[in-house]
Each structure stands twice: as structure tokens, then as C-alpha cells.
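Participant: Using the hints, position chain B against chain A.
Here is what each chain is made of, one letter per residue.
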Amino acid sequence: DAGITQSPRHKVTETGTPVTLRCHQTENHRYMYWYRQDPGHGLRLIHYSYGVKDTDKGEVSDGYSVSRSKTEDFLLTLESATSSQTSVYFCAIAGGRGNEQFFGPGTRLTVL
Amino acid sequence: GQQLNQSPQSMFIQEGEDVSMNCTSSSIFNTWLWYKQDPGEGPVLLIALYKAGELTSNGRLTAQFGITRKDSFLNISASIPSDVGIYFCAGNLPNSGGSNYKLTFGKGTLLTVNP
Numbered sequence: 001d002a003g004i005t006q007s008p009r010h011k012v013t014e015t016g017t018p019v020t021l022r023c024h025q026t027e028n029h030r031y032m033y034w035y036r037q038d039p040g041h042g043l044r045l046i047h048y049s050y051g052v053k054d055t056d057k058g059e060v061s062d063g064y065s066v067s068r069s070k071t072e073d074f075l076l077t078l079e080s081a082t083s084s085q086t087s088v089y090f091c092a093i094a095g096g097r098g099n100e101q102f103f104g105p106g107t108r109l110t111v112l
Numbered sequence: 001g002q003q004l005n006q007s008p009q010s011m012f013i014q015e016g017e018d019v020s021m022n023c024t025s026s027s028i029f030n031t032w033l034w035y036k037q038d039p040g041e042g043p044v045l046l047i048a049l050y051k052a053g054e055l056t057s058n059g060r061l062t063a064q065f066g067i068t069r070k071d072s073f074l075n076i077s078a079s080i081p082s083d084v085g086i087y088f089c090a091g092n093l094p095n096s097g098g099s100n101y102k103l104t105f106g107k108g109t110l111l112t113v114n115p
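In order, the protein sequence lines correspond to chains A and B.
My numbering puts the first residue of the first sequence at 1, with every later residue one more than the last.
My numbering puts the first residue of the second sequence at 1, with every later residue one more than the last.
Hint data in this document are derived by calculation from the structure and do not stem from the laboratory.
Among the hints, erroneous ones may be present.
Stated by the list, open to error - Facing chain A, according to a computed beta carbon distance under 7 angstroms, are these residues of chain B, among others:
no., residue
1, Met11
2, Phe12
3, Thr31
4, Pro39
5, Pro43
6, Phe73
7, Gly108
Glycine included, each C-beta is placed from N, C-alpha and C at the ideal position.
Just chain A, same shape as in the assembly:
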């Protein structure tokens, strides 16, 4: 299994508060991704990184920012959480033969 951890695994917060989720990898892979998973929508890409300090937006990036200051860490920040951001968030890394992505265990975020 790819060495990917996510923290926290569960979080409950209030509307308007900032939230940061962390993804940590031990595989030294270049590419890292943040997805959200919601019923009826499947997995949707929020942001991704193709190197240290190199990031780009995915299809649902509004309300989210990311940072990658080290190869092993990719942070997702909700600047001011809203109830629509209640979801399960997955981090993934690209390794193996090019396009294979490996997923972390997920973070369940509830915004009240």
C-alpha cells in the first residue's frame, strides 16, 4: 500500500471558521491531489499539485486553497467553511506507471 496519511480523520466545525486538512506521503511522488466525495457526484477534483509550490485548480476549487511547501505534505484549507463543504475529502498521489493514483483513508468533515 502507498504510504499516505490524512489528518484529521474526522472533524466537526462551525460555519465561518477556517479549516486545514493535511495529506502526508512517504512515497516521494511528485503529484498530489485533493478530491471531495459526495452522494450522487462521485469523486471531484478540488486542487492538485505537480511539484513543490506548483499547484492548479480542479473542477470544484471555489472556497478552497492549497499549499505544498514540501514534497511530502499537501494542505487543503477552507478559508471560511460553509455547510456545502460538508463532505468526505480524499487525498491521492500519482505513482507507479504514470497515471495510477493511490488514495488516502479520507477525512470526514462536517460543517454545522
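Facilitator: Showing chain B alone in chain A's frame:
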């Protein structure tokens, strides 16, 4: 964005039966991947396909990259209770955006196996 049409949305089968699910698209893909997700966990990669026509097996699982590059199927033979979960297809479009490492996902097939 580009859509992957995955079917069926859900399946209810008896233990021991074979299962087939597929993904189709109006666009060609360079790569097809199949994932399984258990409740409360992240998706796990089952099979990766890289060439049109490629047929690959992983135990009781077999997947094929369609000749037209616009579809893929996954078969599970002799299903067992632990096969329960959501199965996702994913594909990589040629020159997708600013990076070749973005995937497009299907919405999943929920498989239930009755013992």
C-alpha cells in the same frame, strides 16, 4: 467536464455469481483504471490498463481496455461477500489540462452480494 458513463449504478447478486460492469465515454482515453471502495475507506486501485485491447486479470477480476479506447469493462467471477463495495472506473484523457496526471472518474457501481 468530460463524463464517464458507468453502468449499472447498482447490482444485487447472489454469492457465486459472475458480475460485469462497464464504463463508456464519447472521448478516447489513454488509460483506464478500476478502483474499489469499501465503506469508510479510500478507493483502492484494482487494475490499470494502458493499451487498446489490453485484457488484464487480478485474481477473480478481469478488465479490458476497449478497442475504440472509449470504453472499458470489469468482470468479477464467482463473487464472494467481501466483493461488496463501490467500484469506480477512471480514465486519463490525452493531454488533459495542464498536467497529464489528472483522472476523470465514473460515478460508481454499488455491488451487493447476498450470501
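Participant: Do the numbers back the hint for B/Phe73, that is, is its least Cβ distance to chain A under 7 angstroms?
Facilitator: This interface hint is violated because 18 angstroms lies over the 7 angstroms limit.
Participant: Does B/Phe12 pass the interface hint, meaning its C-beta sits closer than 7 angstroms to a C-beta of chain A?
Facilitator: With Cβ-Cβ at 19 angstroms, over 7 angstroms, it is violated.
Participant: Take the shortest C-beta to C-beta distance between B/Gly108 and chain A; is it under 7 angstroms?
Facilitator: This interface hint holds because 6 angstroms falls under the 7 angstroms limit.
Participant: Using Cβ atoms only, decide whether B/Pro39 comes closer than 7 angstroms to chain A, and label the hint accordingly.
Facilitator: B/Pro39 check fails; min Cβ-Cβ to chain A is 11 angstroms, beyond 7 angstroms.
Participant: Please check whether B/Met11 passes as an interface residue: C-beta within 7 angstroms of a C-beta belonging to chain A.
Facilitator: Hint violated; B/Met11 Cβ to chain A Cβ min 17 angstroms, cut 7 angstroms.
Participant: Does the nearest C-beta of chain A fall within a distance shorter than 7 angstroms of the C-beta of B/Pro43?
Facilitator: 5 angstroms, holds
Participant: Going by Cβ atoms only, is B/Thr31 closer than 7 angstroms to chain A?
Facilitator: 5 angstroms, holds
In terms of the numbered hints stated before, the structure departs from hints 1, 2, 4, 6, listed from lowest to highest.
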